[in-house]
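Trainee: Chain residues, written in single-letter form:
2 protein chains.
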Amino acid sequence: MEVLGIIVEYNPLHNGHLYHLEESIKLTKCQYVVAVMSGNFVQRGEPAIVDKWKRAEMALKAGIDLVIELPVVYATSTAENFAYGAVKLLDSLKVIDCIAFGSEEGDLEKLSKIADILLEEPPDYKRALKENLGKGLTFAKARELALVKVTGDESISKTLQTSNNILGIEYLKALKKIKSSIVPFTIKRRGALYTSLKLEGEFASATSIRKAIKEKGIKAVKNYVPDFTLKILERAFKEGQGPVYLQDFSPIILYLLRSGHPLENIFDVAEGIDNKIYKAASKTSNIKDLIKLTKSKRYTESRIRHILLHLLLKIDKKLFKEFDGPNYIRVLGFSEKGKTILKEIKKKTELPIITKVAQYKSKIEDSRMFERDLFATDVYTLAYKNFAISKLDFFHPIIKL
Amino acid sequence: MEVLGIIVEYNPLHNGHLYHLEESIKLTKCQYVVAVMSGNFVQRGEPAIVDKWKRAEMALKAGIDLVIELPVVYATSTAENFAYGAVKLLDSLKVIDCIAFGSEEGDLEKLSKIADILLEEPPDYKRALKENLGKGLTFAKARELALVKVTGDESISKTLQTSNNILGIEYLKALKKIKSSIVPFTIKRRGALYTSLKLEGEFASATSIRKAIKEKGIKAVKNYVPDFTLKILERAFKEGQGPVYLQDFSPIILYLLRSGHPLENIFDVAEGIDNKIYKAASKTSNIKDLIKLTKSKRYTESRIRHILLHLLLKIDKKLFKEFDGPNYIRVLGFSEKGKTILKEIKKKTELPIITKVAQYKSKIEDSRMFERDLFATDVYTLAYKNFAISKLDFFHPIIKL
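So the protein lines, in turn, are chains S and L. Quick note, the first sequence lines up with residues 0 to 400 if you use numbering that gives the first Met the number 0. Quick note, the second sequence lines up with residues 0 to 400 if you use numbering that gives the first Met the number 0.
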């Protein structure tokens with residue numbers, strides 16, 4: 000049994016994702032595919048446009064056999080934390096043979112070399128990095144120039160400019176760090192960049208698709224997503240369950256900030272960013288303006304969104320320290336073939352497999368991380384217009400295809 | 000100098016209010032009028048449709064000379080607390096000669112007799128009350144029947160059915176309780192009941208006016224409010240500062256409940272109403288549904304709204320115990336004539352007069368109650384579409400006419 004692992008968000012699943020999946024299967028020749036997928040909140044520091052069950056359904060319709068939820072603690076953090084959480088989770092299933100990720104670069108060797116340096120930090124790299132930081136460069140820039148210096152490869156600057164390369168490097172770092180036997184592959188991405196706002200070309204980005212849905216309605220994206228995505232989205236919107244946007248949580252986040260809710264226990268809060276956020280919250284009731292007022296070279300929009308989401312979802316930074324990766328396997332959905340993999344995982348893994356959420360307390364020794372997922376759903380469904388119940392994780396059936 | 004005190008909300012100020020003001024002046028022959036007015040949240044357990052400065056402007060335009068804010072702690076509580084806070088505040092100004100309130104009843108003697116019994120609780124009343132409660136009647140019903148029994152006056156049942164009579168009785172109780180020298184008057188209300196939803200007749204109710212604004216726009220109410228009210232509302236809405244509705248705070252309140260935020264320190268929470276509220280919050284994301292799911296004979300909509308607002312505004316029930324009425328005089332606005340009254344108050348009162356909010360800490364010994372007003376404004380402005388700044392109490396000029 001050859002099992003491929005992929006790390007996805009499917010926000011929503013589009014033609015580019017289908018292409019990546021097909022190419023990955025071709026390349027790795029695996030018979031089974033397991034996806035680790037972000038839950039109701041994603042790495043951009045936003046809620047997903049529709050909930051995790053609807054996106055798991057898309058994944059299964061696309062041919063994936065098993066969908067596992069990436070805990071919200073990791074799903075809404077830095078590229079490094081996101082990648083570590085996802086790779087560690089895939090590895091802990093004990094059945095994954097290879098992973099395939101998309102990258103703008105497409106050259107695994109090059110990404111791997113960068114990952115090695117970043118992980119091992121050889122003396123010349125460390126020295127160059129320190130020098131650059133001393134000059135007042137941002138960490139990202141200092142790191143980039145140090146890498147160029149020690150490799151003599153100027154093209155690395157370009158490599159580090161796109162988010163899928165950066166995520167790919169983090170996947171490779173994580174695999175090396177945990178000494179995983181999983182074999183990595185990369186697929187060169189085609190079509191628009193992840194961040195592109197334009198709906199055009201063969202493959203549109205998820206960002207441009209969400210934007211088009213917001214501005215023009217769901218019909219506008221029909222050439223860029225599979226039919227099943229379109230149907231799942233249509234049904235969700237008709238039922239008043241989405242589209243969900245960060246804006247929906249704006250009053251809550253602003254309220255917490257104006258209440259002086261502490262930010263000091265949130266990951267990545269340092270250098271006075273907390274005061275800057277409080278100050279911005281006193282000037283606006285709109286989360287977009289809040290982010291604009293707060294962002295800087297050092298604190299990008301996405302770092303700030305992560306902080307705000309961790310405030311909203313009560314994610315304490317100590318969870319990152321006290322847990323070495325996810326300590327449970329939460330199943331969101333599976334196909335017929337997925338049952339076989341699940342059985343195999345059950346035999347091999349040391350982690351509890353959560354299929355019935357009601358049993359989580361007896362199954363997970365330290366359930367603090369899992370409880371963040373439950374709370375994230377309680378918050379997420381506040382944006383529903385219908386059936387906006389809490390404790391949905393306890394009631395929602397696993398998606399089966 | 001003869002000074003009339005009135006207790007108002009002006010949400011918004013309409014023709015019925017103008018009538019009451021004119022009649023009160025005629026009846027009491029006072030030359031000056033001081034209004035104690037609810038701030039940004041009102042006794043119905045809702046935000047006011049526009050903020051306290053805009054409503055103070057309406058009051059001044061209507062001919063009132065001085066507008067004092069009723070602390071939000073009292074403004075958003077039971078009729079008894081509302082009345083006690085407002086009467087105590089008026090009394091502590093030390094310049095008020097009489098107060099005039101509207102009532103459906105119009106007969107001061109009758110209301111006063113009821114107030115006496117409720118305050119003094121003679122043995123036969125107490126016995127009848129206890130008996131009725133033993134039969135499982137609600138407190139309101141048990142009280143009503145006990146009053147009828149001891150007075151032999153069956154018409155009291157009808158008297159106790161309308162909110163302005165009930166408030167009036169509470170004003171009279173409060174005056175007696177603090178042994179105030181202020182002389183009470185009542186004006187028989189004309190036109191629609193306070194709670195009427197229909198926009199009709201000579202005087203429409205504030206409720207029906209707000210409803211018409213929400214459903215049909217501001218033009219629909221032009222026959223029911225003075226021109227200045229219309230202009231102030233139009234300007235406010237144009238500037239993105241209102242209309243503000245309870246709905247605007249729905250996500251925050253639901254979030255707090257789904258977070259399991261404790262309700263036990265909130266006034267009037269007993270008999271398991273907290274669990275009922277939590278349960279309802281797990282079933283809906285809409286505050287109207289939440290209230291519908293929670294209300295009962297014992298816990299009316301308005302009691303539940305008070306609880307939810309106290310949760311939102313972080314009003315602890317111990318404030319009611321630890322303070323014997325407002326401990327500051329917050330000036331919202333004054334006319335030329337109002338200056339004279341302010342000077343007189345300054346000479347006579349023992350309470351600090353707050354005209355510059357920045358000085359509040361040095362002026363108010365225990366500023367916990369005042370800080371609830373400041374926070375209420377910070378929360379209120381979250382519903383603004385523009386200029387949604389916090390700390391507005393520090394910046395907003397006093398309204399002068």
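Rather than coming from a laboratory, the hints here were simulated on the basis of the structure. Quantities reported herein were computed from a predicted structural model and do not represent experimental measurements. Note that CB positions come from ideal geometry on N, CA and C, so glycine has one too. Accuracy of the hints is not assured; some may be wrong.
[What the hints assert, rightly or not] Going by beta-carbon spacing under 10 Å, a handful of chain S positions derived as facing chain L: (1) 138; (2) 177; (3) 388.
[Stated by the list, open to error] Straight-line distance between alpha carbons at most 25 Å, and here's what the computed PhoX-like set of lysine-lysine pairs gives: (4) 287/S to 384/L; (5) 294/S to 384/L; (6) 347/L to 28/L; (7) 28/L to 237/L; (8) 390/S to 294/L; (9) 282/S to 237/L; (10) 384/S to 28/L; (11) 278/S to 28/L.
Trainee: Which hint numbers does the structure go against, in order from smallest to largest?
Mentor: Violated: hints 1, 2, 7, 10, 11.
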